[in-house]
Structures are given as C-alpha cells and as structure tokens.
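Go by the hints and put chain A onto chain Y.
Number of protein chains: 2
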Amino acid sequence: MANIGTMRHSCAHLIAAAVQSLYPEAKFGVGPTVENGFYYDIDFPEPIGEAELLNIEIRARELIKNGVKFEREEMTIDEAVKLFKKLGQDYKVELLSDIKNKGTTRVGDIEEVELSGDGVSIYKTGDFIDLCRGPHLDSSKEIGAFKLTKLAGAYWRGKNENPQLQRVYGVCFEKQNQLDEYLNMLAEAEKRDHRKIGAEQKLFFIDDIVGKGLIMWQPNGTIIRNEVEKLAVEKEREAGYVRVSTPHMAKEELFLTSGHLPYYKDSMYPPMVMDDGTYYMKAMNCPHHHIIYNHDMHSYRDLPLRIAEYGMCYRNELSGTLAGLLRVRGLAMNDAHIYCRKDQIKQEFKGVLDLTINFYKIFGLKDYWFRLSKWSPKHLDKYVNEPENWEYSQQVIREVLEESDVKFIEAEDEAAFYGPKVDTQFRSVIGREESMSTIQLDFAAKKRFSLTYTDETGKENNEVFVIHRAPLSTHERFIAFLIEHYAGIWPVWLSPVQVRFISVSEKHTAGAESLQKEFFDLGVRADLDSANETLGNRVRKAVAEKIPYIVVVGDKELEGGDWMIRIRGQEKQEKMSKQEFLERLNNEVSARQQ
Amino acid sequence: MANIGTMRHSCAHLIAAAVQSLYPEAKFGVGPTVENGFYYDIDFPEPIGEAELLNIEIRARELIKNGVKFEREEMTIDEAVKLFKKLGQDYKVELLSDIKNKGTTRVGDIEEVELSGDGVSIYKTGDFIDLCRGPHLDSSKEIGAFKLTKLAGAYWRGKNENPQLQRVYGVCFEKQNQLDEYLNMLAEAEKRDHRKIGAEQKLFFIDDIVGKGLIMWQPNGTIIRNEVEKLAVEKEREAGYVRVSTPHMAKEELFLTSGHLPYYKDSMYPPMVMDDGTYYMKAMNCPHHHIIYNHDMHSYRDLPLRIAEYGMCYRNELSGTLAGLLRVRGLAMNDAHIYCRKDQIKQEFKGVLDLTINFYKIFGLKDYWFRLSKWSPKHLDKYVNEPENWEYSQQVIREVLEESDVKFIEAEDEAAFYGPKVDTQFRSVIGREESMSTIQLDFAAKKRFSLTYTDETGKENNEVFVIHRAPLSTHERFIAFLIEHYAGIWPVWLSPVQVRFISVSEKHTAGAESLQKEFFDLGVRADLDSANETLGNRVRKAVAEKIPYIVVVGDKELEGGDWMIRIRGQEKQEKMSKQEFLERLNNEVSARQQ
Numbered sequence: 004m005a006n007i008g009t010m011r012h013s014c015a016h017l018i019a020a021a022v023q024s025l026y027p028e029a030k031f032g033v034g035p036t037v038e039n040g041f042y043y044d045i046d047f048p049e050p051i052g053e054a055e056l057l058n059i060e061i062r063a064r065e066l067i068k069n070g071v072k073f074e075r076e077e078m079t080i081d082e083a084v085k086l087f088k089k090l091g092q093d094y095k096v097e098l099l100s101d102i103k104n105k106g107t108t109r110v111g112d113i114e115e116v117e118l119s120g121d122g123v124s125i126y127k128t129g130d131f132i133d134l135c136r137g138p139h140l141d142s143s144k145e146i147g148a149f150k151l152t153k154l155a156g157a158y159w160r161g162k163n164e165n166p167q168l169q170r171v172y173g174v175c176f177e178k179q180n181q182l183d184e185y186l187n188m189l190a191e192a193e194k195r196d197h198r199k200i201g202a203e204q205k206l207f208f209i210d211d212i213v214g215k216g217l218i219m220w221q222p223n224g225t226i227i228r229n230e231v232e233k234l235a236v237e238k239e240r241e242a243g244y245v246r247v248s249t250p251h252m253a254k255e256e257l258f259l260t261s262g263h264l265p266y267y268k269d270s271m272y273p274p275m276v277m278d279d280g281t282y283y284m285k286a287m288n289c290p291h292h293h294i295i296y297n298h299d300m301h302s303y304r305d306l307p308l309r310i311a312e313y314g315m316c317y318r319n320e321l322s323g324t325l326a327g328l329l330r331v332r333g334l335a336m337n338d339a340h341i342y343c344r345k346d347q348i349k350q351e352f353k354g355v356l357d358l359t360i361n362f363y364k365i366f367g368l369k370d371y372w373f374r375l376s377k378w379s380p381k382h383l384d385k386y387v388n389e390p391e392n393w394e395y396s397q398q399v400i401r402e403v404l405e406e407s408d409v410k411f412i413e414a415e416d417e418a419a420f421y422g423p424k425v426d427t428q429f430r431s432v433i434g435r436e437e438s439m440s441t442i443q444l445d446f447a448a449k450k451r452f453s454l455t456y457t458d459e460t461g462k463e464n465n466e467v468f469v470i471h472r473a474p475l476s477t478h479e480r481f482i483a484f485l486i487e488h489y490a491g492i493w494p495v496w497l498s499p500v501q502v503r504f505i506s507v508s509e510k511h512t513a514g515a516e517s518l519q520k521e522f523f524d525l526g527v528r529a530d531l532d533s534a535n536e537t538l539g540n541r542v543r544k545a546v547a548e549k550i551p552y553i554v555v556v557g558d559k560e561l562e563g564g565d566w567m568i569r570i571r572g573q574e575k576q577e578k579m580s581k582q583e584f585l586e587r588l589n590n591e592v593s594a595r596q597q
Numbered sequence: 004m005a006n007i008g009t010m011r012h013s014c015a016h017l018i019a020a021a022v023q024s025l026y027p028e029a030k031f032g033v034g035p036t037v038e039n040g041f042y043y044d045i046d047f048p049e050p051i052g053e054a055e056l057l058n059i060e061i062r063a064r065e066l067i068k069n070g071v072k073f074e075r076e077e078m079t080i081d082e083a084v085k086l087f088k089k090l091g092q093d094y095k096v097e098l099l100s101d102i103k104n105k106g107t108t109r110v111g112d113i114e115e116v117e118l119s120g121d122g123v124s125i126y127k128t129g130d131f132i133d134l135c136r137g138p139h140l141d142s143s144k145e146i147g148a149f150k151l152t153k154l155a156g157a158y159w160r161g162k163n164e165n166p167q168l169q170r171v172y173g174v175c176f177e178k179q180n181q182l183d184e185y186l187n188m189l190a191e192a193e194k195r196d197h198r199k200i201g202a203e204q205k206l207f208f209i210d211d212i213v214g215k216g217l218i219m220w221q222p223n224g225t226i227i228r229n230e231v232e233k234l235a236v237e238k239e240r241e242a243g244y245v246r247v248s249t250p251h252m253a254k255e256e257l258f259l260t261s262g263h264l265p266y267y268k269d270s271m272y273p274p275m276v277m278d279d280g281t282y283y284m285k286a287m288n289c290p291h292h293h294i295i296y297n298h299d300m301h302s303y304r305d306l307p308l309r310i311a312e313y314g315m316c317y318r319n320e321l322s323g324t325l326a327g328l329l330r331v332r333g334l335a336m337n338d339a340h341i342y343c344r345k346d347q348i349k350q351e352f353k354g355v356l357d358l359t360i361n362f363y364k365i366f367g368l369k370d371y372w373f374r375l376s377k378w379s380p381k382h383l384d385k386y387v388n389e390p391e392n393w394e395y396s397q398q399v400i401r402e403v404l405e406e407s408d409v410k411f412i413e414a415e416d417e418a419a420f421y422g423p424k425v426d427t428q429f430r431s432v433i434g435r436e437e438s439m440s441t442i443q444l445d446f447a448a449k450k451r452f453s454l455t456y457t458d459e460t461g462k463e464n465n466e467v468f469v470i471h472r473a474p475l476s477t478h479e480r481f482i483a484f485l486i487e488h489y490a491g492i493w494p495v496w497l498s499p500v501q502v503r504f505i506s507v508s509e510k511h512t513a514g515a516e517s518l519q520k521e522f523f524d525l526g527v528r529a530d531l532d533s534a535n536e537t538l539g540n541r542v543r544k545a546v547a548e549k550i551p552y553i554v555v556v557g558d559k560e561l562e563g564g565d566w567m568i569r570i571r572g573q574e575k576q577e578k579m580s581k582q583e584f585l586e587r588l589n590n591e592v593s594a595r596q597q
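Same order as they appear, the protein sequences are chains Y and A. Reading the first sequence from the start, the letters are residues 4 to 597 in this note's numbering. Reading the second sequence from the start, the letters are residues 4 to 597 in this note's numbering.
In short, the hints are calculated from the structure, not lab data. Quick reminder that beta carbons are idealized off the backbone N, C-alpha and C, glycines included. Take the hints with a grain of salt, since some may be wrong.
Chain Y regions said to be covered by chain A (calculated; three or more residues, Cβ under 8 Å) [unchecked claim]: (1) 216 to 222; (2) 240 to 249.
Some chain A residues well away from chain Y (every beta-carbon gap over 10 Å; in silico) [unchecked claim]: (3) Asp46; (4) Lys127; (5) Gly129; (6) Met275; (7) Ile360; (8) Glu436; (9) Tyr489.
If we strip away everything but chain Y, and leave its shape as in the complex, we get (with noise of 0.2 Å):
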C-alpha cells in the first residue's frame, strides 16, 4: 500500500485538477501535505465560499471514478517555464524562475519542486499539470477516503503584500472508518472547545482593556475554581501539607538568589523599581516559599515539611501566542514545595504520586502514563553535580513507580539540570496528547537559600531536598481540560447551578422562591426560573444549560408529596420526596461523584 503521505499529496493534486475543470481561468500556489491532510492554495477568478467545496469535492470523485492517473514527466527548467507560461500559471512561473535563479523554492517550510538532473519534474492529473517533486500514486483509483474540510485566506508564499490566494483544507485517510472517526474528533473537539464553552455558560472571559493572557473569572467559573481549590486544599490538607500565603512579586534579590534573574528574566515581567529596590511579580513560588523555610529553624523531626499555596504567577508569554485559558500570563498554580530528608525522598515521592492518582480518579481520568525523566552521566555539563544523589533518586523514583503499578516510560537526558522529574502524559477525550502534572526533585535549591535542618546529632545539614510538584497542574490549564474532559456538563459538585426550581405559573413562585432559598441555605447551588416565559421553554432553557437537576414546582410539589424530578441526561423523569432528594445531592457532592 501507498504511503500515506504520497496518497495526501496526491489527493492535493486530485483537488486541483478538479478545480482546474470548474475554474479553467484559477491559477494554482503551492498544495503540501500537513497533519491528517493537505491543503491548496488558489487564485480563484472570484472568491469561492464553503458551499463550493462540495461542488469541488463531487468533481473529484468524478475524476477517480473516471480512473484519471498520475503520470510523471521530466524536462529542463526553460522548457518548463515555456509550459506554465503557456498555462498562464504565473505562480509556477515564479517557482521556476527562482529554482533557476536561486536553486531552490524553498517557500516557508515547503520544498516543492525536485531538481532532476539540470531539469524539474511535472506531474499530469488529467488535464491539470503541476510543477511537482513526487512521488504520487499511479492511479486517483488507490486515493482511500477524503473530505474537504474549510476555506480560508492565504498570502501568496506568506508575504501581506503579495496577493491573497485561497487556501483549501482536505483530510485524506486510506479508510473510510479513519476518515469518520477523525471528522468526529474534529466535530467534537469544536464542540468541547473551553472557549465556546466558557462564554457559553459564563465561567470567564478576557477583555483587552485588562490585558492579554489575564483571566476574569466570572461568577460560574469562580464556582468552579474555588471547589477545585477546596479539593485540593482537603486532599493536601488529608496529606499533611500546611498552607502559606505569600505575595505575587519580590525584589531582584530574591530572584538572583534563586536564580530566575537574569536566565529567566525575559519570561518575567518587567521591574518595578520602587523606592527601596528593583521588584518583579513573581513567575514561581518556590522562592518565596524556600523563605518561609528558612524563617524558622527545623529539627529532623520537623520534616518533612510541605508548604503548600495556590499561588498565583505571572509569566511575560508575547501577546500574540496567547489563546484561552491555556497560554496565559497569570497563573494559579496548585503549588507545594516539599522539604525532606534524603532518606524521606521516596516517601514524598509516594506520596505525590498517590495524591495525583487520587486527583485524577475523582475527575474520571484513565488514559494516562508517567514519564520519569532522568539525566545523564554522559552529560554532565548540563546537571547539577552530584552523581551519587542522581542515581540514588531515580533508584527511589522508579521503585516508587514499580511498586504502584502504573503505567510509566524512562527518558534518559531528559531531566531539569536540578533534579528527576515524574511527568504525567494524557491522552484527552478527544485523543490529544498533553502533559498535566509535576513532580520534580530540587538539589539545587538547598545550596542557592542554604537550607539546613538539624540532624539527630545536633548538627546543621544542608541536605535539604525538595520536591515541587502541582498534580492540579494550573487552575487555568486544568479548567481549561476539564471543560473538554466534561463538554460543560459538569457533575453536580463542579456544577455552577446543582439544581433549578421552575415555578408552574404566577401562584407557584412564592412557594417555588421558599424551596429554592431553603436548598441554598443548606449549601446547594440552587436557582429559580420564575420569568414571564412558558413552562416548557423555561424547561428547554434549563436542559440547554446542562443543570443536573430540574425541579418544576406546582400544586403537587408545594402540597409536600413526592417530587418528578428531571435528572439531566435520563428520559425519564423520577420520583422521590424531598428528603430523599436532598439527601442523593448531599451524596453525591460530598463523594465528588462523576
């Protein structure tokens, strides 16, 4: 079988040819391959809008039914200047003149023309002839399955003041299954896109006269950031880690004893110079949470210690590779640094890994893998030097992940120059790979802040290790995840509203008011709709918003019977009391059930 690429890139050929047969005047750019696909840009003689996709894409499949082939051809570079001269395709014209002039064209990333001998290739699609390097297939027949897919603008070789030619996207797959599945995948991811989903149930937006890459969490997103929070404030807490709360920026002292200035400055926002000194909001807690070690004096019984903060940073990302929640420049990091004894490493180590495999099980995450990535001992340059606390933690990193039976690679040369780190890899809902968690091993800091603790002896040991880690990751990353993990429906103890009463008509809203106020006052995020609309769009309304559970209060709800319950995501409605129903919320929050 072909290789997929060549089938792409003829396919990419294949849409041409059909479009060269509806437009005869179009003239034809570069048309590559690229992930899943391929795409062509065209200089159409009028625009064309998404509706002639199908026009183009039906021609196609006429072309392969009528068995049209690939058919090679090599001839010197004037003699295919004559050619496209001909065809009035000015673009191929230019390639050509630049292959002769500069020996390549070479546009962006894309090496379109092979070089035969003196002379270039041609391949012929029917009637359509392209300035091609090859391979192709021999026949459209061996072409799997295809689909166009979206228009959009395209400078001719990515210069503005060139003309702007327009750019068609088409997927190719060998099978039709592949093609559907990954249609699906695209469908969905659009559909689960954090964006659209955040404006949509108004979790959090960004306003340009706040600036770029600053989240405004909005009412509904702060519900959701702050229970995330509380998990994670419970589970740590569970852990025994203790809580600091520190300020978001420092003087340039602290940044150069940690070393952040100068080698990370240019990620930093710009100083501040006040009048005591240089200051700078602070890109990492670790610094500041090193200083609260050092204020007081620790015994070896004290460690290890775990100091743990939501701390927010602040990261100068340039403005224009900001998207969304997730390339932002203010971050709240589920942070803790770690401080422990060399014998306590595998310990925390443990104990880290547990936290974040329980993290994960309460949002119903399962298709993940860790990554221990390691140093190595043939590039010492680049780590810090010591080679007996290297092998000894990866020793320990790696038991602990042996003896958790869970799914881990080793990367070798991979590490932080200060320490092992423990990577968590997901595979999303929609099949994207991402990297979620941090557990990473510090020598480096005990020597930058002289961090000691008294050993059993009564002597200062400066082999404090610490371990920085963030399981929850960021709270704008991890939102940002779990809005495509869920597609915004939420389980009830992330649900911004558990529960929406719906008054039947007029006389009911008093009462309906009563039994929201009473859910509230027990600590369920319970509203009412009681507008001026009719019952069953109000009901519609509540369905489209994803609220877990709807309650439409009339005579019979108000007298005290049992209730029907809408349960979001059932056909049918059920029965319970009160009671009953309260205490199936009050379960299901306090066991964070999916």
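For chain A alone, coordinates are given in the frame of chain Y:
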C-alpha cells in the same frame, strides 16, 4: 486647676532641674510637651541608661517635696546670651542667636521661646534656668502624677550632622489613677503588639529580600487568614453575593477609564511595559469588577448584582512609612461591589450594615459607632454634580442608620467626591480610636464605565449605583486588629492549634498519635507533643502557646475512660468523654464562639 499642658511643661523643667543637680555638666536642648506628657533633649556628660531614669525621677520628687518654684524673668536677648554663655548652655545660646538673627527658634514644630517685647523670658526652677515662653505652674507642688518612661536618641534640632542628645520621655497626669490607667494601657499595648505576637505565634513575617510591606503569611497566620475569609465567603453567600476572581493587574487603559490614572498614579506601583501595552498592578478591585458587570447585559430583574472578591491590591507606599501589618504595600481586601437601581440603594445599604454589624458581633466587638460623611452644597466643585442623588441617598442612608438603632454621627463636607459614605470608628481594647469598615456609594462609576441595565420598558437605563464595601477591611489590617483584640488568645475557631495532645511517656506515643489523627481527620486542628521532655515542661509550653485545649494522654485516656481536659483560662481541669469533648469542640467552632 492649671491647664494639663502647662503642668506637663513644668514637669519637663522639673526633670531638667533634677538632671542638672545630678549632672551639673549636662547641656540642655529643648523640652516640649507631647501627647500625655513631655520630653527633654539633654546632652549628658556620659550617655545614661534606663537605670538612671529612676534616679532622676527620685531627685525630681525631692525637688517637689522641697516646694521648688517656677519663677519668670524677662530680659533682653543680649542679657540672655550672656547668662546662658556663663551657664555653659551652648544650645540655648544657639537658640538665642537664632532669635536675634531670624526672629524665631522654630525647630521642627516646636517654637520654644517667646519674644517678650524686644526681649525674652527665662524660668528658674531651683538652680535650673531655662529659656522659655512659659507659662508654668507657680510651684512644683502643683504637679500631679508623673513618670519617666523611656530614653531615645535625638539629633540636635533633628539634623543628623548635629550632636546626638538623649531624649528623656515622661508622662504626666493630674491624678495618680489617670497615670496608672495610662501606664496599664501602654503595658497592654506592648503585650498585645501585633508584631510581637505575630512573631511569637509564627503568624507572619516581613523579609527584606522579598520586600517591604509584603506580608509572608506563615502556616499559623494562613489558618487565621483563611478562617476570616471563610467567614466572609459564608456570610456573603447568605447575603446573596456571587464571587469572582480577577487578575492583579491591568492595562493603563482600564485605570485611565476608572480615573485612577493619572490622579492616583503616585500611589500605584510603577508601570510595566509589555509588547501589547503598559500594565499596572491594581490598587483597587473596582475597575475589574465593573468590567465583569459590563461583560453581560443586565435586566432590572438581575439587580442588585453583588460581586465579591478577596482581592489582592498593591499600593506604592514609601518604604520608610511601612510597619507590620498596619502599613503595607500588598493588601487583601474584603471587597465587593453592589450594582443596584436607585430604588434599591436603601435596602442594599441596610444589607451591608447588617452584615457589618453581624461580623462585629462574631468577633465580640462592641465599642464602635458609625460616621455618615455627606457632601456640602456649598462646595459643589468638590463633588459629582448630582444634587438630587446626593440628597436622596443621604436621606435613605440616614434612615437606614436610624432604623438600625446604631450610634452614628454625621459629618458635612466629608464625603468622597463620588458619593456619601459610612465609616465605622472603633475604640480598640487599648483605647485607641481607629476606623475599620467602610460603605461607600458611588455616583461616578456609572458614567465612567457606562454601566447600564434594561428597565421594565426595555429601555437602557444608565442610573446604575455602585456600593463599594469592605466590612472586614483588609486581611492585613483586620488581623492586626484581631491580634491586639484577642492578645493572641484566639477563640477556638480561629486558633491555629485547637487541641494539643501530650503523651505521658514513650509507651503512650503511638496511642496519642492515633487520637491526634482521629481528631485531625474530623477536621480538628489537633497536634501532638511527644518530645523527649518532661510532661510538666510540655504542658507549660502548651499553656504558654495559649492552646485552647490540652489533653494529656496516659493509660486512662487510652483505655477509653473519661478524659481530664485542661481548658485555657480555667484553673480546674474538666472531665468529659471523648465524644462530649468532640461535640463541645464542634459546637464552639461552628458557632464561632468567643
């Protein structure tokens, strides 16, 4: 009876006379009155220590016993110069030459010498002669109760190129009981100093490498901070607030819109220039909240909208003015903004007032009153030009205060430019008066931010009134106040450690540990002292740490019998079962009992 100021000034002369008789070579600077007493700057032949103050005081009392008089005499400047030269009083000669050359001896705020026609006046107190405007008592017998309190260094005339004198401080009252009361208050203030208790209890610290005015909340302080915040969140939820989370900075465009720039610029952190504009740390949360309000459309039915956030603000105070938690640069404000219609102003002010009073009750604060600051129709230029809104809102706010039956005063021409406000004034446990909470109505924001809602007829109404409020002030200020208020003896719900288990001996450690864990898992802040020290020492340590409950764990406790519990502030231990103890704890914490 003589004026108390005169008495204090005479007391200063008396002290100087006592010093002269003990240290004949002493040279005298100036000796003015200050609040509650006086000081005298003296150049002693050898610097004296605190111990010598008592000798001086004893000598002064002898002079009183001898009935030393204060005798006035007038003379020309030249005669006075001659006199003080003879006495070797160089500082007085310098003052006289200033009078002669400049017509004044103003040193800082002190005008020490009164011109008497062309001449000056002097006072004799026994052998001591002083250049002085007077008036004085006739006799030292009229001096009430006094005490020398402390010594400090002071440069002559406040300039550090001048010789350093020693400043002898004293306090003086008409009656002994007034003096005693004042000295008690001083001792109490020192005992309750929030910086002292903050360090002892490891609540917070300030570290120069992080920066001045930036609070590092340690685990114990963070517990208190979080409990206060939890209280606010809980009560604000009940009162119908929603919560948001906004970034700590914004582009200058936002602060130009709000008017903070350029008027408030000096109080803000310096700008940070990024690739997409100029950013400032926020000094207030309101502009961000207004943007949240404006992000959605609001109907008349949606109002009032109450947006709350414990927002962290940063203000650029001069580093020299910063002190403890009371003058800081980073402040976490118990902030919220209420957006309401004109007809809702009264109910919303009432709501905030009720919330405020409820908070005070929870903390056992009783000695407070309110102050309604109004505009003045005589100074129209100072205020937003909406006379009708001023008159209407002042009237309804007054009604709220009257109907709430609270103490309040009214202050004309003291409002903010944007609207009337109600501040709380407190008398603290040590008698200091300070302001704490504020409720401010804002007529200006609606125009600056184009705040609108859709009224009953579907029209856009731009009369959105904003209430700024911070009943619990900032974490920094409020916790400083609480530390002083409780003198570090925290009610159980705020106490960083609520229960201390102490194992009698090593064989009880494991059992005590499992009890501690049992309590901890039930949400109690319980810890364990199983250190290798005597039981007595460990109990004394726990008592000194002001821990509310101390449970000594021996055989009996582990066998499941009743416990003898040491309750803070009680002489006698109380006997109760584990279950009774847990219930008591639970009740105290959930009722936030004082």
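Going down the list of hints, with the structure as the test:
1. Beta-carbon proximity to chain A at under 8 Å applies to 6 residues in the segment 216 to 222 of chain Y; the threshold of 3 is reached and the given coverage holds.
2. With a cut-off of 8 Å between beta carbons, the segment 240 to 249 of chain Y has 6 residues touching chain A; three or more are needed, and the interface restraint holds.
3. With 10 Å as the threshold on Cβ separation, the claim that Asp46 of chain A sits away from chain Y holds: the shortest Cβ distance comes to roughly 33 Å.
4. A cut-off of 10 Å between C-beta atoms confirms that Lys127 of chain A is not in contact with chain Y; the least separation is 48 Å.
5. Once the 10 Å rule is applied to beta carbons, Gly129 of chain A is consistent with being away from chain Y; the minimum gap is 49 Å.
6. At the 10 Å boundary, the C-beta of Met275 of chain A falls inside the reach of chain Y, the nearest C-beta of that chain being 5 Å off.
7. For Ile360 of chain A, the non-interface assignment is confirmed: its Cβ lies about 20 Å from the closest Cβ of chain Y, beyond the 10 Å cut-off.
8. Non-interface status of Glu436 of chain A relative to chain Y is upheld: no Cβ of that chain comes within 10 Å, the nearest being about 29 Å off.
9. For Tyr489 of chain A, the requirement that its beta carbon stay farther than 10 Å from each beta carbon of chain Y is met, with the minimum near 20 Å.
Going through the hint list in order, the structure does not satisfy hint 6, though it satisfies all others.
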